[in-house]
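> One letter stands for each residue in the lines below.
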Amino acid sequence: AQTVTQSQPEMSVQEAETVTLSCTYDTSESNYYLFWYKQPPSRQMILVIRQEAYKQQNATENRFSVNFQKAAKSFSLKISDSQLGDTAMYFCAFMFYSGNTPLVFGKGTRLSVIA
Amino acid sequence: GAGVSQTPSNKVTEKGKYVELRCDPISGHTALYWYRQSLGQGPEFLIYFQGTGAADDSGLPNDRFFAVRPEGSVSTLKIQRTERGDSAVYLCASSINSVLVSAGELFFGEGSRLTVL
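Protein chains in written order, with this note's numbering: chain A, 1 to 115; chain B, 1001 to 1117.
One or more hints might be untrue.
[Claimed, not checked] Here are some, though not all, of the chain B residues that point toward chain A, as calculated from beta-carbon distances under 8 angstroms:
| no. | residue |
| --- | --- |
| 1 | Gly1042 |
| 2 | Phe1045 |
| 3 | Tyr1048 |
| 4 | Glu1083 |
| 5 | Leu1091 |
| 6 | Ala1103 |
| 7 | Leu1106 |
| 8 | Phe1108 |
| 9 | Gly1109 |
| 10 | Glu1110 |
No lab work stands behind these hints, which were simulated from the structure alone. Remember, it's a predicted structure, so these values are computed and weren't measured experimentally. Built from N, CA and C at the ideal position, the CB exists for glycine as well.
Make the full structure from the sequences, and use the hints.
In structure tokens form, the structure reads like this:
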């Protein structure tokens, strides 16, 4: 079974600074997706960024980027120029590439952006 | 609708009662997922529908939990003889059928918070 581990239950960062959230996962498969989802107090999960495992280039979405290390099974999220609206729970998630299989989530990291 | 809609937003019930939670996915999304999120935890998979049929129900914790999607759109999660341990936020998500098209992205509702007293 696939597992996703987020070792940082809580983190904080000053507004406009950069923060990195860690994630490791375990799978024997070679083709899969990795995701970071954001969950604000409204409870609605929102996709932040996605990485296909076969792509060597790290995904980037505006202020959000990932450091994907396939051999190490590591997938960290870097948030640059942190904004107050980035305050939320962040979940790392895994999905097999083939077929509609469930997302497997980590336990999350609570990020607080401080003014 | 424009997004995934879940009702009720909040439900308080007594131990032993029956509860139904409803999910209305994005129009045209054939895949529908139910997750349960306990306080301070990540979402845990319950069941996945492809059209009207349950393609994977391996996450249902026991036979008190059941879900249906009779017309391939709206889904109802049913919990019988509720227990205090069932208290959680129940999240619903939908996606386009093919992973190759959706690239794995799920669209989530805001969840139904269930409290069992």
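> Now, for every hint given, state plainly whether the structure supports it.
Evaluation of the provided hints:
A distance limit of 8 angstroms between C-beta atoms decides the matter here; for Gly1042(B) the minimum to chain A is near 4 angstroms, and the interface restraint holds. This hint holds: Phe1045(B) has a C-beta 4 angstroms from the nearest C-beta of chain A, less than the 8 angstroms allowed. Here the hint on Tyr1048(B) is kept, as its CB sits about 6 angstroms from the closest CB of chain A, short of 8 angstroms. Hint on Glu1083(B) is violated. Least Cβ distance to chain A is approximately 22 angstroms, over the 8 angstroms limit.
A least Cβ separation of about 7 angstroms between Leu1091(B) and chain A falls short of the 8 angstroms threshold, and the interface hint therefore holds. The beta carbon of Ala1103(B) comes within 6 angstroms of a beta carbon in chain A, closer than 8 angstroms, and the hint placing it at the interface holds. Look at Leu1106(B): its Cβ gets to within about 6 angstroms of chain A, closer than 8 angstroms, so that hint holds up. For Phe1108(B), the interface hint holds, since its Cβ comes within 8 angstroms of a Cβ in chain A; the closest pair sits about 4 angstroms apart.
Checking Gly1109(B) against chain A: minimum C-beta separation of about 7 angstroms stays under 8 angstroms; hint holds. The interface hint given for Glu1110(B) is met, as the beta carbon of that residue sits about 5 angstroms from the closest beta carbon of chain A, less than 8 angstroms.
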